[in-house]
Structure formats: C-alpha cells, structure tokens
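Those sequence lines, one after another, are chains A, B and C. When you number the first sequence by the working numbering, it's gap-free, plus one each residue, and the end is 343. When you number the second sequence by the working numbering, it's gap-free, plus one each residue, and the end is 333. When you number the third sequence by the working numbering, it's gap-free, plus one each residue, and the end is 346.
Everything labelled a hint here was simulated from the structure, so no lab data went into it. This list has only true hints and no planted wrong ones.
Not the full set, but computed from the structure, chain A residues with beta-carbon under 7 angstroms of chain C:
1) I50
2) N51
3) P53
4) S79
5) T80
6) D210
7) Q222
8) A223
9) R243
10) Q264
11) K267
Cβ pair distances, simulated, as ranges:
12) K187/A to G162/B: 46 to 52 angstroms
13) G264/C to K270/A: 33 to 39 angstroms
14) A120/C to L108/B: 45 to 51 angstroms
15) P180/C to N198/B: 54 to 60 angstroms
16) G141/B to K270/A: 37 to 43 angstroms
17) V170/B to V43/C: 54 to 60 angstroms
Just a few of them, taken from the derived set where beta-carbon distance is under 8 angstroms, the chain A residues facing chain C:
18) D216
19) L218
20) S219
21) P225
22) A239
23) A240
24) N263
Cβ atoms here follow ideal geometry from the backbone N, Cα and C, with glycine treated the same way.
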Amino acid sequence: MKKLFQTLGAGFLVFVLLLLAACGGGTSTGTGGTPSSGSNLNIVFLPKAINNPYFDTAASGGKKAANELNGSFKQVGPSTASASEQVTWINNLTTQHVSAIVVSANDPNALAPALKQAMAQGIKVVSYDSDVAPDARTVFVNQANSEDIGRVEVQILGKQLNYTGQIAILSAASTATNQNTWIGFMKDELSKPQYKNMQLVKIDYGNDDDQTSFNDTLSLLQAYPNLKGIISPTTVGIAAAARAIESVNKGGKVALTGLGTPNQMRKYVKDGTVQQFALWDPGKLGYLAYYAASALIQGKITGKQGETFSAGTLGTYTIGANGVVLLGPPTVFDKPNIDQFNF
Amino acid sequence: MKLLRKQLSAWSWEALLVVLLLLTIVLGNSLSPYFLTPFNFSLMVEGLVEIAIMSLSMTLIIIAGEIDLSVASVLGLASVMMGITWNAGIPLWLDIIIALAVGSLAGLVNGLLVTRLGLPSLVVTLGTLALYRGLAFVILGSQAVSDFPSAYTNFGIGDVPGTLIPWTFVLFVLLALLFIVVLHRSWIGRQIYAIGNNKEAARFAGIRVDQVKLLLSVLSGLLSALAGIVLTARISSARADNALGFELFVVTVVLLGGINIFGGRGSLVGVILALFVIGGLRNALGLINVSGDIQNIVIGTLLVFSVLGPNIAQRIQSALSRRRLAAGSAKNV
Amino acid sequence: MTTTSEHVQEADTLSRRSGNRLVALVGRVRELGLLVVLLLIIVVVGVQVPEFLTLSNMVQILLSISILAIVAIGETLVILTRNVDLSVGSIVGFAAFVAANLFKQNPGTSLLLGILVGCALGLVLGVINGLIVTWGRVPAIVATLGTLYAYRGLEFLYAGGNQVSASDVPDSFLSLATAPFLGIPLLIWFAAVLALVFGYWLRASRTGRQLYAIGSNPDAARLAGIRSGLLVFGVFAISGLLSGFAGVLWGARFATVDATAASGLELQVIAAVVVGGVNIFGGSGEILGAMLGALVLGTIDNSLSFLRVSQFWLQAIDGAAILIAVTLDAFIKRWVQRLLITRRQR
Numbered sequence: 001m002k003k004l005f006q007t008l009g010a011g012f013l014v015f016v017l018l019l020l021a022a023c024g025g026g027t028s029t030g031t032g033g034t035p036s037s038g039s040n041l042n043i044v045f046l047p048k049a050i051n052n053p054y055f056d057t058a059a060s061g062g063k064k065a066a067n068e069l070n071g072s073f074k075q076v077g078p079s080t081a082s083a084s085e086q087v088t089w090i091n092n093l094t095t096q097h098v099s100a101i102v103v104s105a106n107d108p109n110a111l112a113p114a115l116k117q118a119m120a121q122g123i124k125v126v127s128y129d130s131d132v133a134p135d136a137r138t139v140f141v142n143q144a145n146s147e148d149i150g151r152v153e154v155q156i157l158g159k160q161l162n163y164t165g166q167i168a169i170l171s172a173a174s175t176a177t178n179q180n181t182w183i184g185f186m187k188d189e190l191s192k193p194q195y196k197n198m199q200l201v202k203i204d205y206g207n208d209d210d211q212t213s214f215n216d217t218l219s220l221l222q223a224y225p226n227l228k229g230i231i232s233p234t235t236v237g238i239a240a241a242a243r244a245i246e247s248v249n250k251g252g253k254v255a256l257t258g259l260g261t262p263n264q265m266r267k268y269v270k271d272g273t274v275q276q277f278a279l280w281d282p283g284k285l286g287y288l289a290y291y292a293a294s295a296l297i298q299g300k301i302t303g304k305q306g307e308t309f310s311a312g313t314l315g316t317y318t319i320g321a322n323g324v325v326l327l328g329p330p331t332v333f334d335k336p337n338i339d340q341f342n343f
Numbered sequence: 001m002k003l004l005r006k007q008l009s010a011w012s013w014e015a016l017l018v019v020l021l022l023l024t025i026v027l028g029n030s031l032s033p034y035f036l037t038p039f040n041f042s043l044m045v046e047g048l049v050e051i052a053i054m055s056l057s058m059t060l061i062i063i064a065g066e067i068d069l070s071v072a073s074v075l076g077l078a079s080v081m082m083g084i085t086w087n088a089g090i091p092l093w094l095d096i097i098i099a100l101a102v103g104s105l106a107g108l109v110n111g112l113l114v115t116r117l118g119l120p121s122l123v124v125t126l127g128t129l130a131l132y133r134g135l136a137f138v139i140l141g142s143q144a145v146s147d148f149p150s151a152y153t154n155f156g157i158g159d160v161p162g163t164l165i166p167w168t169f170v171l172f173v174l175l176a177l178l179f180i181v182v183l184h185r186s187w188i189g190r191q192i193y194a195i196g197n198n199k200e201a202a203r204f205a206g207i208r209v210d211q212v213k214l215l216l217s218v219l220s221g222l223l224s225a226l227a228g229i230v231l232t233a234r235i236s237s238a239r240a241d242n243a244l245g246f247e248l249f250v251v252t253v254v255l256l257g258g259i260n261i262f263g264g265r266g267s268l269v270g271v272i273l274a275l276f277v278i279g280g281l282r283n284a285l286g287l288i289n290v291s292g293d294i295q296n297i298v299i300g301t302l303l304v305f306s307v308l309g310p311n312i313a314q315r316i317q318s319a320l321s322r323r324r325l326a327a328g329s330a331k332n333v
Numbered sequence: 001m002t003t004t005s006e007h008v009q010e011a012d013t014l015s016r017r018s019g020n021r022l023v024a025l026v027g028r029v030r031e032l033g034l035l036v037v038l039l040l041i042i043v044v045v046g047v048q049v050p051e052f053l054t055l056s057n058m059v060q061i062l063l064s065i066s067i068l069a070i071v072a073i074g075e076t077l078v079i080l081t082r083n084v085d086l087s088v089g090s091i092v093g094f095a096a097f098v099a100a101n102l103f104k105q106n107p108g109t110s111l112l113l114g115i116l117v118g119c120a121l122g123l124v125l126g127v128i129n130g131l132i133v134t135w136g137r138v139p140a141i142v143a144t145l146g147t148l149y150a151y152r153g154l155e156f157l158y159a160g161g162n163q164v165s166a167s168d169v170p171d172s173f174l175s176l177a178t179a180p181f182l183g184i185p186l187l188i189w190f191a192a193v194l195a196l197v198f199g200y201w202l203r204a205s206r207t208g209r210q211l212y213a214i215g216s217n218p219d220a221a222r223l224a225g226i227r228s229g230l231l232v233f234g235v236f237a238i239s240g241l242l243s244g245f246a247g248v249l250w251g252a253r254f255a256t257v258d259a260t261a262a263s264g265l266e267l268q269v270i271a272a273v274v275v276g277g278v279n280i281f282g283g284s285g286e287i288l289g290a291m292l293g294a295l296v297l298g299t300i301d302n303s304l305s306f307l308r309v310s311q312f313w314l315q316a317i318d319g320a321a322i323l324i325a326v327t328l329d330a331f332i333k334r335w336v337q338r339l340l341i342t343r344r345q346r
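If we strip away everything but chain A, and leave its shape as in the complex, we get (with noise of 0.2 angstroms):
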C-alpha cells in the first residue's frame, strides 16, 4: 500500500509537470480570458499594508472615482509592509487578469520583475504613494512635491526648535521608495546654513508598524536624552510617536512633526505634543490615481510626458517628467485649521 502511494505520489508530481508543459509556450492569455478590453474597469489597489487608516482613506477615495466611471474598486494586500507578500498578491491579480493594479511599494526594485510580467500579460500598472521602478509602471501618482514633502518637515520643525537641537528621524519601512525620497530633500535642507545648530543624530525605521514606532521612539528619548525634536514622515509612526513622548512626560519638550492624519494627531495639536503637521488629502490622492488608471485602460493616455487626463472633480491633469503626476501642494495642520478635516 505505502509503495501505492509513493507511486502515486511522484506519478502526481509528473502530472503537474505535465500539466504545466503541455498548455505551455508564451503567454496564456488565451486559456485565462481575454485581457481587459478597454471598457472593463476592474482595478485594484495594493497599498503598503492594509490596516493603515491612511490607504483606507485613499481607498475611500478609490471607491469614489469607481462609482463615477462605473468601474470597479478593490483593495488587497499584505498585512505588514512586505515587499515578497506584495509580490505574491501581485501574482494573483495577475492570474485574475484584473485590468489595472493601483500600487505603493515597500520596495521599488522587488515588485518590479511580477509587476513587468503583470504589464506583458496586458494589465496596466499604475503606482501611487510610494513609486516602483519606472520600468516597472507607466504612471506614477504622487502625493505632492518630493522635494516639497521633505523641506515643509525640516522647515516646520526648525521654526519650533528655532533652528537649535538634536533632532531624529522615525521612518517606515527602510527601503520605502517615498520615505527615502523625503529623507534626501531633508537632509538636503538641514545642510543649509541656517539649520547648522541642528543635528540629525539619529534615522530610526519603524517599519508602519505601530508597536516598533512606539519602542523605537521610546529607545530614542532615552538613548539622546538632548533629544529637541522627531520628524516622522509616515502617519503610523507619528501616532506612535506621538503617545510614547507623552508616555514618558515629555510633550511640550521633545517637538514633534511629520505626515499625519488629522484624526489621529487631533489630541496632541490640540494638548501641545504637536504643534504643526503636514499631509495632503489621501482620499483625493486614490481618486486620482484610480482616474489615472482608468484613462491608461481606455487608451486615453500613454503615460509620456506632455499627456492630460481628466480626473472628475479635481480638473485636468498633466503627465510630467518620468510619468509622474503629481497631486497638488502638501497641506500644513495646526490648532487652528484641525478641526476642518475629518479622516
């Protein structure tokens, strides 16, 4: 019986590979249903992570654009910033022959080689948030000026600090492309002449996981007791950073700024922990790119330089440099303007 089985075993093995070999040969396009047609709008967005409030508002926004085009909205992804989870979500949406995937990378260079099967098999790539390798898409949907993003957080920071201290950074996942963009631009602005009585002592990366950013800042407080003030470019990280400064006592001494959500910072702008905060609309940051991927699947752009598309409520769009398109300025949040916004 065990030699039945044994038998039937690597008999089954063969038969995969048999399988496999028989309906090979080059795309498979025939036997898994025709590519998106033009009119079909099954797109689906891969963020990051998905329990971050922060992609569930642009996923929001998301399913806004859908019900205007008449298309449909999906969101799926890995439930801590993985790069190879992303890739195996990748391939499934590749297999489902989804019209479009909507993504932000943990890591611009590991998703590239199943996004590039993804786009031979007809689907359109389009990222958001968080880029991946140019090759690897056709337009990038970007929140705001890199540059701008980076320079807002050293400028917001140094005014409260006035322009003395030992400051640290608490990022996210380290091989975030956006994270890694900003840091650039940040440490770009400290070398001006004015920040030259700040120092940036330390990068820490919290991974956006709440329980990391938490600890880490905890171990900063105490590892650089001098420590004037943190920028946390990433919502998760700023919310934890947030509470541990208060956990040990310290708002109103160590300054804190970043990219936050107006939902989760609305206690400490408003208890002095924070005083100014920046981010954009993440709602209308998903609207758009889901517009962006509807124009791609309609053939209405092609993702060179110089193309416009329209984006519903938020007007014409122009197709820069490298195939990014860029969302508008970032906005500032403080004790004043906080309660304006809901998300």
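Go by the hints and put chains B and C onto chain A.
Only chains B and C this time, still in chain A's reference frame:
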C-alpha cells in the same frame, strides 16, 4: 493484526492527503475560473519553491527526532550574503558558493550544539532563529540589494523555454526525487528512521547517531541557503527580512504531510502532497482576494484536524471493538 | 545493632537527600546567576551612560516587560508539564483588539467589563487548546501551531482590516497601563502580583508539585494517580486566561491596535522562559526564573538603546542570550550529575 493496522495507518494518511488535494482542486475551481489554468499553476508553484525546498530537509530532521526552527533565518542570512558579495563585485557563481557555505556553517553550528552539548534542538534553533536573523540585519542593515544580473533573476522568475514550468520548480523536483530515493530507498534513510524511533537502540545497533544528526543539520542549513538563493532571484532583491516567519509554515507543511512530530514515522510523499494542498488552498483563496491571515485559519484548522481526526477515528474504532469484545465474551458466558 | 545493609540504606538515603538538596541548590544558583548577570549589565551600562540608572528608566524597563511577563507565567506552567503553547501571541492580539474595539464602539463600557471580556476570550481560546491536547491527544506543539494560525486568522476576520487608535478609546482604558499606584504604573503591579501569586502557588500547593511530576515523568505521574489530563487541560486554560488579560493590557498600553498586534510574541515569551532556567522538556523551573529571564532580556534590550548600539543587533543578542543560557544549563546539569555520582560512590 497490529501489522495490518500499522500499514493501514500509513495508507490512510496519504489517502487522506490525496482526498484533500482533490477537494482543494474542486474547491479552487469552484471559487475562481482562473484556478485550473496552467498560468496559475505556474505562478503558484513558483511561489512555493522556497518552502518546498526547506520542507525536504525539515522532513528528515523531524523524522530523526529533532527540529530546526532557524531555517527561515538561515535563508535570510544567505540572501544577505548574496547581496553583499554581489555588491563587493564578486562574480555570481562564487556568491552562490559563499552563500551555500554560510548556510551549511549555520547548520553545522546548530548540529554541534545539539550533538556535542546535548542541548534540545527546539531551544537551540529558537536561539539561532534570532541570532542568524539578527546577523542578517547587522550585515546588510535595512537596505536591499537589487541590481543582480538578468541571468540570475531570469532563473528565479522565468520558465523553461516553450513551457510554463518555472526553472526553480525543476530544481525542486530534482531535489525531491533525490530526497525520496535517499530517505525511502537507501540505508541512510533507514538509519534516520531508526534514530527517530529509538535513539538508544539505534546507537546500540551501531548507527552513529550523532554523526547522522550533524549531517542532517548541515543539510538543513545548506538547503535553507539554497532556498535563499532562489528567493533572492525570484524577487530580485536581497533583504535581511526575506522569508520572515517562514519557519512555522515549513513545520506546518511537514506535520500536515504525516511526519510524526516525535520522530520515526512519515514519508516524503505525504509532505509533497501536503505542500500542494496548502499551496493550492492559499492560491485558491488568494484568487478570490481573501487576505493571507484569513487563509491561515484554513491552514491552522487543517493542521489540527489532521492529527485530531485520526485520533478521534481511532477512539471510535477501539470503543466499537471493545463493545464487540464485551458482547462477544458475554455471549460465551 | 545496625546491619551493613541498613548502613548502606542510610548512606543511600542521606546521599539522595543531599542530592535533592543539591538539585534545589542548583536551582537557586541558576536564579542567582541571572541576578548576577542582571547586576553586571546594570553596572557596566550604568557606568558608561548614567541616564540608564535613573528610576524612571528602571520603571521603563519594567513596563516594557510586564505584558510579556504575565504571558510568561502561563507559558511556564504549560512548559513545566512537558507541553508548549505557541498560540499565546495570537490570543494576546485577539484579546487586545476585542477589548480595544469594545471601548471604541461602546464608549460607556465599564473598565471591569472590558477586562472581563478580554479574559473570557482568552479563557475560551485556552480551553480549546486544552481540549485539543488532552481529549484530542494532539501533541501540544502541533495543536498550538495550528491554533496560532487559526486564532490570528479569526482575529483578522473579526477586525476586518480596521484599526483602533488611541483617540478612539477613553482615557480610563489607557490609564489601566499607566496610572501610578504608589508611584509605580499599574501595569507593573499587575505583573508583580500575578507572578507572586502563581509563584507561591506553584511551590507551595500540591497541585503545583503535581505539575512538576507530570513534566518529569508523565507515565509515573499517571501511575501515581495524578489526574494529568485534567491538570494539563487546566494549565492551557490558565495560559489562555493570562494571555487574555495581557491582551487587554496590551490594548491599554499601545492603544493603536489592529489585527497584527502581538505577532511573534510567543517566541519572545519562550525565550524569556528558557533564559529563566525552565527546562523545555518540563519538570523543572520556577516562575521567579521566568520573570528574571524576562527582566534580563528586557534590560539588555533597553541598555542597547542607551549604548546607541544599532537596533539591528537586538535580535542577534537575544538569540545569543538564549544559546548561552541553555548551554550554561547543560553544563550545570552535567556538573551536578557528575557530583551526584561521585558522592554516591563515596
């Protein structure tokens, strides 16, 4: 009678797995029209190869009565080695050899701690799980190395020309066939089973228990490093956090495959079947966009019931036979 | 007049008694050893970075390990009986989310109710574990590996991708972790009291001794009339209950909870227990040891940030600590055995 029951139990586990596999295929097909397509199978097996490779060596280790929880960390370490050697300009073939050597060394350390110092492998590999992963992070930090040559990445993600069979799957099939022969048809395999069944008896029978266990540990490290080389090629990215958390998955595949956690029983065929059951279920659920963690409910429940089920069945069986015996003896009175 | 055989018997009993005393002494030595290591770290780091030695930092260290310590109490009980509970991380996470979400959806909920809900959930999940292991006769490592996945997945199903933020829950809930009682945060008190209660119970009660017996020699224990099945079921239930309670405290301390909370906690807990001298095969070890193990690991982690060692070294050092602890244990055991043999020969 006992021999028959033993044969029956070996027969029934693989039978159960075949049934599960068929159920999985039926379920997958009903959930998504894309499931039973060669393209899907191709992507699915491609995503399974690393776990598959690691489960081959894990099977042997568990049969021998030990466990290795550090496999995913060795994978990460090997991936990192690929990254830094490539960055240092060392040619690719040498990078691969270095990575394999590092993995084997890691396995050797595990094996020495277990055999020479007599430490329990569960705890040793728990420690090296953390140590090796930590070393990976210390070496590469949080960067990623991605500028590997296309020949390497094509191996990871490409198929044999003219077919949809991933190159990496071919590698796995070759390894699997080798392992099946070694475990089930060679004297080494018999020794491994003997050690797992009764370590002392095996030693008295002249088997060099410590040497075999040491060899298996090195093998485990070697194969984990190989899996790391494959993963790095597949996602074209050497990262310290590659394969984070995979070890529990590998153990799950092996246990579902019928390998007794206490050693001495089980077959590789079962493990391969279990691999496809788990891979197929995850793939099918992924095609209807069920999140990975919810997929795990199915996997976890399957694991528990794979042992619970036969236990309950055996209970019922013995209760019934006891009743029969009692009725029979009552008749004789 | 005493015969030769009586002499031999007396000598044998004496040697066995001194052997037992020796083993007990070694146990103390183990814990003393941990204390020494702890003091060493404190002194070495404190000399280099004085800020490490402040009272507020000591409190921080205790805070950072309190939740882990509570879970470790339950895990110790399970491991003593020659089992293991890998699902504790999932139970903690599940309870954390359910409790935090309860407060988010129903802001008026009483604190006590929230705690009870979390504990009840933990208890139920622990009971399921216990049933699978005792009634189902599934090896603990297999059973709890499966429930690790199943419980985490159920939590995801329940959470639906949502998150509870600090701004969603009432301050009274958050204060559960931070409110000071006699200057020390409540969270630390919870851990300390539970450790003392369970530690004493384990050592002083008959049931506690029976747990050790089950772990040392399950067959002998059963033959001696100990109701192993019931007791093992009980420790899994307790482990679940404690994890549930720890989950509620997790929600209170970290406040931003989603379905991934406490992932990977189980390995940290087992590490603390092992470093604390609890034998992974059961039969020996103390709650105090586990607490010291957690403290040593927590102190190492904390000191690394003061020494400005890159955070990447953290895991490697934790792994090395486990290996060193286990190796030391093996050497000590071998030394004791050799000592006992030579003593008997005399």
